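Asks: Residues per chain, in single letters:
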Amino acid sequence: MTFELETAANPEGLKRVVIEPVSRVEGHGKVTLLLDDDNRVHQARFHIVEFRGFEKFIQGRPYWEVASIVQRLCGICPVSHNLAASKALDMIVGAQLTPTAEKLRRLMHLGQILQSHALHFYYLASPDLLFGFDSDVAKRNIVGVAAAYPEIAKQGIALRKYGQEVIRITMGKRVHGTGAIPGGVNKNLSLEERNILLKDIDNIIAWSQAAVELIKKVYTGNPEFHNGFGYYKSSFMSLVRKDGAMDLYHGGLRALDEHGQTIFDHVDYGHYWDYIHEEVRPWSYMKFPFIRSRGREEGWYRVGPLARVNNCDFIPTPLAEAERKIFKEFDGGSATQATLAYHWARMIEMLHAAEGIQELLLDGDLQGDDLVSKGEPALRGVGVIEAPRGTLIHHYRVNEDEMVVRANLIVSTTHNNHAMNEAVRQVALQYLDGQQVTEGLLNHIEVAIRAFDPCLSCATHAVGKMPLEVELVDAGGNVIDRLAKNSDGRCDI
Amino acid sequence: MGTFMSKTITIDGQVVPFKEGQTIMDAAMAADVYIPHLCHNPEFTPHGSCKLCTVKVNGRNVASCTMPAVEGQQVLSDTLELNDERLSLTQMLFVEGNHICPSCEKSGNCQLQAVAYYLGMMSPHYNHFYPQREVDASHPDVLLDRNRCIYCELCVRASRDVDGKNVFGLSGRGIGSTLVVNSASGLLGDTNLAATDKAMQVCPTGALLKKRQGFTVPIGQRIFDHHTIKDVQLGDKHE
Ligand code: SF4
Ligand code: FES
Ligand code: NI
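First to last, the sequence lines map onto chains S and C.
According to my numbering, the first sequence is numbered sequentially starting from 2.
According to my numbering, the second sequence is numbered sequentially starting from 156.
Next up, chain C with everything else stripped away, as it sits in the complex (with noise of 0.2 Å):
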C-alpha cells in the first residue's frame, strides 16, 4: 500500500480529515466532531433545509451537510454567534408547528426536544403561531400528525429513495408548506405505506407514528432522557 495522503479541513482549529466528495457534515461526523442538525441523515441525500447546521467558512455562512469539503477550507461551528442562530432558528421551529412537548408521546425520543436541550433552549421566546394543522388518522397502524411536522423530508427522501413509493410530498412554500400524501382522497390510509417501511423510522419529531404506542416505554426511559443528542448522532455510526 502506498502512501496516502489523506486532505484536511479544520472545525473549529481542529484538524479534520476527509475524503473527496464527502462534505463538510460527513467529514465532521465521521471525526466525531458534532454540529446540530435536524433535517440531515447520514443515510439519506442532504436536503439542506432546516439550517441548523449552519457552520462558517471564510466568514460566509453555509448549511455543513450540503457544503462539500474543500482542502484547507477553515470551518467554524461551535461559535458563540453560531450557536445563538441555532437556538434562534429551533425556537422558531416550536412556535411554527403545535410542539407541546409534555403531552406528547415522542418526548424524550425527539430530536427536536433533544437540539433544543442540547442548545439550552429555556423558552420558546417568539410568539406562538398556533397554526390549525390536520391530524390524519386514517391509516390503520399510522398516526400522522401535522401539528408537529418541521419539513425535513425525511420521510418524503426515505419513502421515495428507500421504499420505492413516494407516499410523501411537500406542498406550498414557507409558512404555507403542508406535508401531503400520495392518494386520491389525500388520506394516508389509502396510500400503500406500510408500518414496516422505512419512511417510519426517520421521522425526527413526533409527525409520524407506529399507532398505539403511546407511554408505553415510560418518560425516564428513553434515549434522550440520558444521553445527549450529541452522543446518540455521533454513536450511531459506531454500531
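Only chain S is shown next, with the shape it has when bound in the complex (with noise of 0.2 Å):
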C-alpha cells in the first residue's frame, strides 16, 4: 500500500514538482510530487485545478434542454453525455425505448466508443508504446509516430475519422449534435446514410483487429515491465447485460475485487446511491467515489476499458470475445490487474465497437420511424453508460414545473480518481524516488494517468487543453526551476 504517499508527514522543507497540465489527456490537470533534498519523494498527487460547478448550471433550466446542454461539459465525449442524460430524461418522461430508438443510439454510442478509443490510442498513447517512455520528447507524438509507422497512423487516422462519420450521420453533426432526446431519437438512418457506413466497415474491422495485434505484440514483447509498471490491484466496476455480457450501453452494476469475487451483480443503477459513496477531500476538486459496504478505506475501484473486459462473462461479438480470452488467460492472466493493459482492453473494445457497429447497420429497426415514446412522467431520473473511459452516471430531480432543480454527475474519470492517483504514487516510487528530475521520468508519470484515458475536460467541466508546464518549487514557495512544454509534447526550458 501506498497511503503513506498520500499526505507527507511534514511537508514543510520539501520542494514540490508541479506538472501542470499533464500533457496529451484531455483537459486540465496537475501533478504534484514533493521532494526532499536527496529527490525522494516524499507525498504524489494528481488533482484536478478547476472545477466548473456544471450540476449548479443546470439547475432551473427546463428537463428538454437538457441532454443537449450537457454535451457542453465535454468536446471529447459530448455523445456520452448526451447519452445518459437522454437515459435519465426517459425515466423522467417515462419512456420505453422502441426499437428503433434504442439501436439508434447503440449505434451512435459504438462510433463514440470507436473515435475515442482510435483517438486515444493511435494520438496520444502509441508514441510511449512505440518509442519508449523515455525516448526522444520531440519524436514522442503522432507526427513522430506517422514518420516511423506510416501504415498505422494512416489507420489510426480512418479508424478516428469512421467513428466520427458514424457520430456526423447519426447525430447530425459530428460535435454537440442532437441525436438523442428524452424518450427517443430525432431522426432514423436512412438507407443511403447506412450504405455509406456498410461501405467502409469490413476495413474497420480488419485495422481494429490490426490495432489489437499491435498492442499485443508490444505488451507481450516485454510482459515483465508491462504488467509491473504503476502496478497494483483493485476492484473493477461496470455495466454488464443480464447474461453477463458486456454491454456498453445498458445493463446492471457489477463490481468484482481484487480477486475477481462478486462484491454486487446486476444492480439496479436507479438506486446506485445505495452501492456508491462519493468523498470529498481537501486538496483536490475531484470527489473519490467508493463502495459503500468495502468503505472509505477499501471501497475505491477502477472503471473502464480493463474494468469492462474483467468483469464481462463474455463479449457478445466473435472477433472481440477471441480476444478477450487470449487476454484473460496471458501468463496465467497476469495482465488483468495492470495499468498499462488498459490499453489491451481498449483495443478489444474498439474491435467490439466495429463488429457492433456491422451488426447494427445490417439491422433493419434502424430505419423505422417509431422513434419516441412516452408514459407516466417522474420526477427524478438515473441515466448510465459505459462511456469510452468508464462508467458514467447522470441523475436528475426535475420539479412540477419540468424544470431541474438537482443534478449530480458522476464522470468515469471521478470514478478512477483513487485509481489514477495509487498509479502515479506506485510509479513515483519505482521511478523517481531518489533520482534526478528529467523530462523522461516526469513522462512515466504521465504514461500512467495516461493509461486511464482521463478526460479531465469532463472532470473539471472545463473545456480545451493548456501546455504543461513543470515547477519543481521549494517549500518557501520559490521557483528553482522550470520545463515549459507545448501541448504537442515538445519542451521549451
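Simulated from the structure, these hints should not be mistaken for lab results.
All figures in this text were calculated on a predicted structure; none of them were measured in a lab.
Some hints here could point you the wrong way.
[What the hints assert, rightly or not] Listed below are the simulated BS3-like cross-link pairs for lysine-lysine, each with C-alpha atoms no more than 30 Å apart in a straight line:
| no. | chain 1 | residue 1 | chain 2 | residue 2 |
| --- | --- | --- | --- | --- |
| 1 | C | K206 | C | K162 |
| 2 | C | K211 | C | K174 |
| 3 | S | K140 | S | K218 |
| 4 | S | K188 | C | K385 |
| 5 | C | K320 | S | K174 |
| 6 | S | K155 | S | K218 |
| 7 | C | K385 | C | K211 |
| 8 | S | K200 | S | K188 |
| 9 | C | K206 | C | K385 |
| 10 | S | K174 | C | K365 |
| 11 | S | K57 | C | K365 |
| 12 | C | K320 | C | K366 |
| 13 | C | K162 | C | K174 |
| 14 | S | K288 | S | K326 |
| 15 | S | K326 | S | K162 |
| 16 | C | K365 | S | K375 |
| 17 | C | K366 | C | K385 |
| 18 | S | K140 | S | K162 |
| 19 | C | K366 | S | K174 |
| 20 | S | K243 | S | K326 |
| 21 | C | K174 | C | K206 |
| 22 | C | K211 | S | K375 |
| 23 | C | K366 | S | K188 |
| 24 | S | K174 | S | K57 |
| 25 | C | K365 | S | K188 |
| 26 | C | K206 | C | K365 |
| 27 | S | K57 | C | K366 |
| 28 | C | K366 | S | K375 |
| 29 | C | K385 | C | K162 |
| 30 | C | K162 | C | K211 |
Take the two lone chains and join them into the complex the hints point to.
Replies: See below:
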C-alpha cells in the first residue's frame, strides 16, 4: 500500500515538483511531487485544478434542454453525456424506448467508442508505447508515429474518422449534434446513410483487429515491464448485460474485488447511491467515489476498458470475444490488474465496437419511423452508460414545472480518481525515488495517468487543452526550476 | 380600368412602387427587397424599437418599418455603413441578454441568430452583460425564458391585438426592461394564455416557447439551416 504517500508527514522543508497540466490527456490536471533534498518522494498527488460547477448551471433549466446542454461539458465525449442524460430523461418522461430508438442510440454510442478509443490509442498512447517512455520527446507524438510507422498512423486516422462519421450521421453533427432526446431519438438512419457507413466497415473491423495485434505484440514483447509498470490490484466496476455479456449501452452494475469475487451484481443503477458514495478530500476538486459496503479506505475501484473486459462473462461479438480470452489467459491472467493493460483492453473494445456497428448497420430497425415514446412522467431520472472511459452516471431531479432542481454527475474519470492517484504513487516510487527529475522520468508519471485516458475536460467541466508546465518549487514557494511543454509534447526550457 | 400611375421610391437605386399609407418596409417587402428587421412583423402594427431596419433617406437615418413611403424618396439600405450599424445593434442584443445558441432549442429557427448570420456576425464583439433574468415555467404548456427576450413586443402586440388577452407587457426602460405578465402573482401560469394563442407564434427568439419541444426537430432540419432569413421573410408573403 502507498497510502502514506498521499500526505507527507511534514511537508515543510520539501520541494514541490508540479506538472501542470498533464499533456496528452484531455483537459487540465496537475501532478504535484513533494521531494526532499535527496529527491526522495514524500508525497505524490494527481489533482484537478479547475471546477466549473456544471450541476449548478443546469439548475432552473427545463429538462428537455438538458441532453443538449450536457454535451457542452466536454468536447471530447459529448455523445456519452448526451446518451447518459437522455437515459435519465427517459425515466422522467416515462418512456420505454422503441427498438429503432434504442438501436440508433447504440449505434451513436459505438461510433463514439470507436472514435474515442482510436484517438487515444493512436494519437495519445502509441508514441509512448512504440518509442519508449523516455524516448526523444521531439518524436514522441503522432507526427513521429506517422514518420516511423506510416501504415499504423494511417489506420488510426481512418478509424477515428469513421467513428466521427457514425456520430455525424446519427447525431446530425460531428460534435454537439442532437441525436438522442427524452424518450428516443430525433432521426432514423436512411438507407443511403446506412450504405455510406457499410461501405467501409470491413476495413474498419480489419484495422481494429490490427490494432489489437499491435498492442498485443508490444505488451507481450516485454511482459514483466508492462505488467509491472505502476502495478497494483483493485476492484473493478462496470455495467453488464443480464446474461453477463459486455454491454456498453445498458445493463446492471457489477463490481468484482481484486480476487474476482462478486461485491455486487446486476444492481439496478436507479439506486446507485445505495452502493456508491462520494468522498470529498480537501486537496482535490474531484470527488473520490467508493463502494459503500467496503468503506472509504478499501472501497475504491477502477472503471473503463480494463474493468469491462475483466468484469464481463463474455463479449457478444466473435472477434473481440476471442481476443478477450487471449487477454484473460495471457501469462496466467497476469495482465488483468496491470495499469498498462488498459491499452490492450481498450483495443479489444474498439474491435467490439467495430463489429457491433456492422451488426447494427445490417439491422432493418434502424430505418424505422417509431422514434419517440412517452409514458407516466416521474420527477427523478438516473441514466448510466459505459462511456469510452468508464461508467458514467447522470442523475436529475425535476419539479412540477419540469425544471431541473438538482443534478448529480459522476463521470468516468472521477470513478478512477483514487486509482489514478494510486498509479502515480506507484510510478513515483518505482522510477522517481532518489533520481534527478528529468522530462523522461516525469513522462513515466504521465504514462501511468494516460493509461486511464482521463477526460479531465469532463472531470473539471472545463474544455480545452493547455501547455504542460513543470515547476520545481521549494518549501518557501520559490521556483527553482521550470520546464514548459507545448500541447504537442515539445519542450522549451 | 383607367390608367393607374403608382407612386414610387428608390431603394439603393432600384425603383420600388408603393401604395398610399405603406411604409418603406412594406414597399420594400412587396418588391422583394430585403431590409433586415427583428421587431417588425407585417401582421402587426409597426413598433420601431430594434432599429435594425434603419435606412438613410435624404441623408437621415430612419426606421423603415415606421417611416411612410413618400413619392420620390431616395432610400439607401444595403450599404456598408448601414450594415455595419446593423451588425453592431445585433451584437448588442446578444450581449444584453443571455443568448447561448449551442444549447438553445430555438437554434436554427431563431430570427436573432439568422439575422446575425445574415450580417456576418462572427463574435459578440462587446463584453457580455450576463444579466440576471427570470425563467417562468409556471404555465403547464409554455416556458418564458427572459434570458432570450429582445423586447420586440411582438407577443405584447399579438396578445393584445389578435388574442384580445393582453397577457404581456413591457415594464422599465432600456437595460432595466422586463417582460411582465398580466396576473396578480406575476406568473405566467396564472394568466389566461393558451399555447394555441397567436402570441405563442410570434417570438423571434427562444424566449417564449411551447414546453417539451426541445430538439425533436434535429439540428440540420431547421428553417435557417437551409435558407437565409432574407429568403424566408421575403418568401413568406407568397404563401
Ligand atoms: S418574449 Fe419574444 S416576442 Fe415577446 S418581447 Fe420577448 S423576444 Fe419579443
Ligand atoms: S424592424 Fe424596424 S425598428 Fe425593428
Ligand atoms: Ni469528457
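Asks: All the hints need checking, so say for each whether the structure fits it.
Replies: Right, here's what the structure says about each hint:
no.	hint	verdict
1	K206/C <-> K162/C	26 Å, holds
2	K211/C <-> K174/C	20 Å, holds
3	K140/S <-> K218/S	21 Å, holds
4	K188/S <-> K385/C	28 Å, holds
5	K320/C <-> K174/S	41 Å, violated
6	K155/S <-> K218/S	19 Å, holds
7	K385/C <-> K211/C	20 Å, holds
8	K200/S <-> K188/S	21 Å, holds
9	K206/C <-> K385/C	17 Å, holds
10	K174/S <-> K365/C	25 Å, holds
11	K57/S <-> K365/C	24 Å, holds
12	K320/C <-> K366/C	21 Å, holds
13	K162/C <-> K174/C	7 Å, holds
14	K288/S <-> K326/S	34 Å, violated
15	K326/S <-> K162/S	29 Å, holds
16	K365/C <-> K375/S	17 Å, holds
17	K366/C <-> K385/C	28 Å, holds
18	K140/S <-> K162/S	23 Å, holds
19	K366/C <-> K174/S	24 Å, holds
20	K243/S <-> K326/S	20 Å, holds
21	K174/C <-> K206/C	23 Å, holds
22	K211/C <-> K375/S	54 Å, violated
23	K366/C <-> K188/S	20 Å, holds
24	K174/S <-> K57/S	27 Å, holds
25	K365/C <-> K188/S	21 Å, holds
26	K206/C <-> K365/C	28 Å, holds
27	K57/S <-> K366/C	22 Å, holds
28	K366/C <-> K375/S	15 Å, holds
29	K385/C <-> K162/C	25 Å, holds
30	K162/C <-> K211/C	19 Å, holds
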